[in-house]
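Number of protein chains: 2
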Amino acid sequence: MTRIVVDAMGSDNYPTPDVEGAVMAAREYGVEIVFTGDASKIQPILDSVGGVNPPIRVIHAPEMLTMNDKGDDLVMKARHKEAQNSMAVGLDLVKNGEADAFVTAGNTGAAMVTALFRLGRIRGVDRPALAGPFPTATGICSVLDIGANPDCKPVNLLQFGIMGSVYAEKVRAIQNPKVGLISNGEEAGKGSELVKEAYPLLANAKLNFIGNLEGKEIFSGHADVAVTDGFTGNVFLKSTEAVAKLLVEKIRESIRGGGPLAILGGVLVRPAMGKVRKLLDPSEEGAAPLLGVNGLVFIGHGRSDAVAIKNAVRVAKNAVEAKVLDAMKSAIEESLKK
Amino acid sequence: MTRIVVDAMGSDNYPTPDVEGAVMAAREYGVEIVFTGDASKIQPILDSVGGVNPPIRVIHAPEMLTMNDKGDDLVMKARHKEAQNSMAVGLDLVKNGEADAFVTAGNTGAAMVTALFRLGRIRGVDRPALAGPFPTATGICSVLDIGANPDCKPVNLLQFGIMGSVYAEKVRAIQNPKVGLISNGEEAGKGSELVKEAYPLLANAKLNFIGNLEGKEIFSGHADVAVTDGFTGNVFLKSTEAVAKLLVEKIRESIRGGGPLAILGGVLVRPAMGKVRKLLDPSEEGAAPLLGVNGLVFIGHGRSDAVAIKNAVRVAKNAVEAKVLDAMKSAIEESLKK
Chain V
1 MTRIVVDAMG SDNYPTPDVE GAVMAAREYG VEIVFTGDAS KIQPILDSVG
51 GVNPPIRVIH APEMLTMNDK GDDLVMKARH KEAQNSMAVG LDLVKNGEAD
101 AFVTAGNTGA AMVTALFRLG RIRGVDRPAL AGPFPTATGI CSVLDIGANP
151 DCKPVNLLQF GIMGSVYAEK VRAIQNPKVG LISNGEEAGK GSELVKEAYP
201 LLANAKLNFI GNLEGKEIFS GHADVAVTDG FTGNVFLKST EAVAKLLVEK
251 IRESIRGGGP LAILGGVLVR PAMGKVRKLL DPSEEGAAPL LGVNGLVFIG
301 HGRSDAVAIK NAVRVAKNAV EAKVLDAMKS AIEESLKK
Chain P
1 MTRIVVDAMG SDNYPTPDVE GAVMAAREYG VEIVFTGDAS KIQPILDSVG
51 GVNPPIRVIH APEMLTMNDK GDDLVMKARH KEAQNSMAVG LDLVKNGEAD
101 AFVTAGNTGA AMVTALFRLG RIRGVDRPAL AGPFPTATGI CSVLDIGANP
151 DCKPVNLLQF GIMGSVYAEK VRAIQNPKVG LISNGEEAGK GSELVKEAYP
201 LLANAKLNFI GNLEGKEIFS GHADVAVTDG FTGNVFLKST EAVAKLLVEK
251 IRESIRGGGP LAILGGVLVR PAMGKVRKLL DPSEEGAAPL LGVNGLVFIG
301 HGRSDAVAIK NAVRVAKNAV EAKVLDAMKS AIEESLKK
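Chains as they are written, first to last, in the numbering used here: chain V, 1 to 338; chain P, 1 to 338.
If you are wondering where the hints come from, they were derived from the structure by calculation, not from laboratory data.
Even glycine gets a Cβ: it sits at the ideal position worked out from N, Cα and C.
You may find that some hints are simply not true.
Unchecked claim - Pair by pair, the computed Cβ-Cβ distance ranges are:
#1 V:Lys278 x P:Tyr29: 45 to 53 Å
#2 V:Gly257 x P:Gly302: 27 to 35 Å
#3 V:Lys337 x P:Lys153: 33 to 41 Å
#4 P:Asn176 x V:Arg123: 49 to 57 Å
#5 V:Gly71 x P:Val155: 25 to 33 Å
#6 V:Gly257 x P:Ser330: 21 to 29 Å
#7 V:Lys278 x P:Ile263: 18 to 26 Å
#8 P:Val155 x V:Gly302: 34 to 42 Å
#9 P:Glu186 x V:Ala137: 29 to 37 Å
Could you build the full structure based on these sequences and the hints that come with them?
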């Protein structure tokens, strides 16, 4: 049975959504859950939601990493051998083969740094990348890196493409995933120096490389994987989130201010609007995989609710069962032979 | 009277929106319009819309730059002394003092290159930048550069901040404009190498520098000016456009598929939705100024309709009358003294 570690101290409203969501996943998907975190806080929630078979385990980890952990202080906490925070304890279970994957909705930076120190990197991978699942007109596009590496070299982008492609194929079951490169123009030859140098590397790799991508190609669903440096990817993530939020707010405001008929109309379209909100809601996907570390790690949004945690566990289970880590290792190894 | 050159061959549906919009502006704002382009195509539209006082002038420019003009070929057409395309002819009028500003809805790359060769740069400016006006919850944020320079140095970002601030103050009448730096985190110290080096330059300049910005700060209206390199800015522009378009499409689709009550609701909220669309419509702002060239140049979207052209002429008029070019020259000069 697949064993997933869930950081009980991850989400903004920890540990309730984290624990409830993981219990839902244990029941729905038949995975074994191991919680790391403050046992005195986890147990009451477990008691209230009732039993699961096989029983859920709790590994007490009295400390936690928060948004305040950064810089050298974070590195110390992340790498300290005897670290007692819920991330380090959970990741060590994966490292030692006592669990198959780690899920957290905690501080993204802390999770990335801790994963890097506890698990190390896949052989040959220079930089791990966080792959964000973006909803498009037709499905999902994985954008990577969305924030692990603000400065990248061309070879990093090549490896992001390889890892993203393997992940899409194995975990999303997409045959021959279409991989594109985010640029400031669709035509080959457009781009920053980084993009111009990465382009031929991606084009010559064993990838279904479809060339440069602009926003419209990404959101219309042209690509399964979109490669970019972590600075651009992070700006992409945060700016698209922000503009979608502004748009929805402005629509609400405009309906409310539009008189009784508009308000009635607003009530009537509410279910339809709800469907759209759900479609564009990252919690449907649950979490972003951190690709390139030597273990399976999924990092969810701090705002994750129980459903998001449940979905993150589902995605982690799929990744374990698809043996995506081994497949990534082989693909990276092969890319280094040339 | 302020004299604005309008490229009649600019928009996707040239010359009708270009000519009609500029005539509307002439009537509404009392500006003098000079069209450049194919006189045989411009004159019939002018005849159909009736006269304006003072009469509108047409300078015949038999050639035009299109989306196919790029690379060396474009450079040749942009710099050729005897160039007969509507952009080069129009920009020369500004250069020679026969007009005060140039407006085009043509190929952005062609307009930037042609402007650079015909007008040159402001003394001390290393790279001109295209400043895109983005609608926010509270007004407008100018994001620059949105595409002129895919690779930037820290000093370029400093100069973008200075030029953007002067523009916001003079043309938008914002006192002490708030200038931020787009980054992958709000805290100082977050960012790519470029951002980390640009930060102290902006902080030590005579600017109301508010630090790093993420998407949520930009769209909630925290900043009047957001500085970034042209690669990131262009990705920002195109991805936010694309996600807004996807969202509106999905809402429509969901309402249409939501049964008779949802469809009725959709009809009732249509005026409210229309208001939101208008709010987020870049044509309200008309065009993006190209800051740093030695003359006033405004580049509109290819999709510009007559209203967008009219608004672009209005903004150009405001810029001329606010003497923003002189103010930018002084501010850049002063920044070089230190």
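Evaluation of the provided hints:
1. V:Lys278 x P:Tyr29: 45 to 53 Å: 46 Å, holds
2. V:Gly257 x P:Gly302: 27 to 35 Å: 33 Å, holds
3. V:Lys337 x P:Lys153: 33 to 41 Å: 37 Å, holds
4. P:Asn176 x V:Arg123: 49 to 57 Å: 54 Å, holds
5. V:Gly71 x P:Val155: 25 to 33 Å: 27 Å, holds
6. V:Gly257 x P:Ser330: 21 to 29 Å: Violated - the Cβ-Cβ distance for V:Gly257 and P:Ser330, about 43 Å, lies outside 21 to 29 Å.
7. V:Lys278 x P:Ile263: 18 to 26 Å: For V:Lys278 and P:Ile263 the Cβ distance comes to about 20 Å; the hint holds.
8. P:Val155 x V:Gly302: 34 to 42 Å: 36 Å, holds
9. P:Glu186 x V:Ala137: 29 to 37 Å: At roughly 31 Å between Cβ atoms, V:Ala137 and P:Glu186 fall inside 29 to 37 Å, so the hint holds.
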